[in-house]
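Start from chain A and add chain B according to the hints.
Line order of the protein sequences matches chains A and B. Using the numbering used here, read the first sequence as starting at 1 and increasing by one per residue. Using the numbering used here, read the second sequence as starting at 294 and increasing by one per residue.
Because the hints were derived from the structure by calculation, they are not lab data.
SDA-like mimics (lysine to any residue), calculated; alpha carbons at most 25 Å apart, straight line:
1. A:Lys125 with B:Leu341
2. A:Lys125 with B:Met613
3. B:Lys500 with B:Thr521
4. A:Lys125 with A:Gly90
No experiment lies behind these values; they were computed from the predicted model shown.
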Amino acid sequence: MSDTSVPAGALPKLDRSFSEIRAIKSALLTTGAWVVALLAALPLVSVLYMLIVQGGARLSLELLTDLPPAGFEVGGGFGNAILGTFVMVGIAALIAIPIGILAAAYLADLAPDSRLAKVTRFLAKVLTGFPSILAGVFVYAVIVLAMGTYSALAGGVALAVLMVPTIVLTAEEAMKMVPRKMKDAAIGMGCTRSQVIWQVVLPTGLPGILTGVILAVARVAGESAPLLFTALFSNYWLSGLAEPTASLSILIYNFSSMPFDNQIELAWAASLVLVLIVLVFNILSRLVGRPTA
Amino acid sequence: MVDTHPFAADADAITRPPSRREFALDRSFTGLTTASAWALVLLVAYILYEIGRQALPAIHDYHVGFLWGTTWDAQKETFGVLPAIWGTIYSSLLALMIGGFFGITMAIFLTQGFLPARLAVVFRTIVDMLAAIPSVVFGLWGIFVVIPTIRPVADLLHDWLGFIPYFSTTLSGPGLLPAALVLAIMVLPTVAAISQDALQLVPYRTKEAAYGMGATRWEAILKVMLPTAAGGIFSALVLGFGRALGETMALAMLIGNSNQISVSLFAPANTLASLLASNFPEAGQIERQALMYAALVLLAITLAVNVAGNYILALTTRRMSGGRS
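So here's chain A without its partners, still in its complex pose (with noise of 0.2 Å):
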């Protein structure tokens, strides 16, 4: 026996056997939770089974060709929605993307304790909880009204409201992550501040930038409710930006309330479609937001 050994009783029993009631407890909290988390699961396998067994059964080539059927008509597709839907997240994109990575290299570099930054930052928060239907009530009353017509234009105005919070936040994260020291020494070269963000902060900065932009134009993608009186629903092929215009979203919303067969496969159909779209980009997002090291 070396002194170094512990007296028995001197210190507590450390297993804990099932003749504790704690112990019980913590078990079946733990098989609680294991519950919770597979029925929080369960949804989601729901709608991806539907999908792909009530959507999957219609797809083929003619959906992308083709335009919407009328009431009893069979057959038909929804190329025209697919395209506005990417129209209209284009120019969402092309708004919102500039003016969500400018303000965002203002909050990140080149005054993030100033009042406005402050301020931005806070709203740019409040404005992610933004009900996207009033980006919509927004637009119509802005746009819509002017124009005097329903528009791709004004649906994509509408997608731009949504898309720039977002952008602003996670690039503004992204450029933070760009170490001070990479920045000090590009001053220190005699660097003004706007090319220290050009070449330094946003090449640095680029995969969680892009990431944020791509999970912005992901989010926007699925949204209907902006675009439902802003760029309305159109049967025919887009011929201009200034004119009722096609979308997935819309479309599903559509076609899910109406007593045919064939319009509820195509509801279906699209949101297979649509959810892919989303998915591709969420993926695409996680890819390029990857650290290369």
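Positioned in the frame of chain A, the structure of chain B alone reads:
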């Protein structure tokens, strides 16, 4: 041997002061970024102003009585949003109770070491994917999966427990319960994400201390981790509530768009957002003004909730990370 002036332009030097042109470019670029930051502030101001301006005629016509009026009739030009406000808050609270419970449990499950790293990635992806699925797709799924699934249960509850006001009507298709269930699924990712951040902010030592004193895993979670992260989790619930209040499409497809006030879970109802979605496209001049008023009400409610949630979040995050924002 260096005897030239240190700042003199030197063809070989890698450092030099900016030229005048670079200064001018710098000035204009920083101006542009400042303008972009201002653009966001002005956008919010413009949204408030424009929706307020459009609602002005209706405010003038219906005053505050609009808020407790119970009929919405475009023919008679009588407009009131009490049923829509009731439906908005009722469905959002229901969704928050369900989605909040699942979201917080999910956050605990993901942050408190229940899962091996690889499985944690799977569950995290599930939550992310729930957040990524568009609202309309949830609406479609709600119509063809949720409603048929819960209808037998709802009928049973109505038959047996119909004397309880919550079960006092039958579920004839769309209604409050299916809408709230789908809304709960949509709120879950928001609550889970913000709660996870809050739980991760709790220093590891705090948990170690609890374990060191002999707490079981769940005693440590329930008595130490959750109270310490309470501020952040509370803000997660508030922000989730804000998200639920403004959610539109799934509700417009599932809630039945009926302007009535009922506590029954199976009765069709309406929300402010789905009132806008379903009435706006075909509304005439007068009704459109009234809808703008309803939009203003929705804007005020969601703005208040979101500002409160973000404020609490900023406050607790600052406290938890020891003064560093």
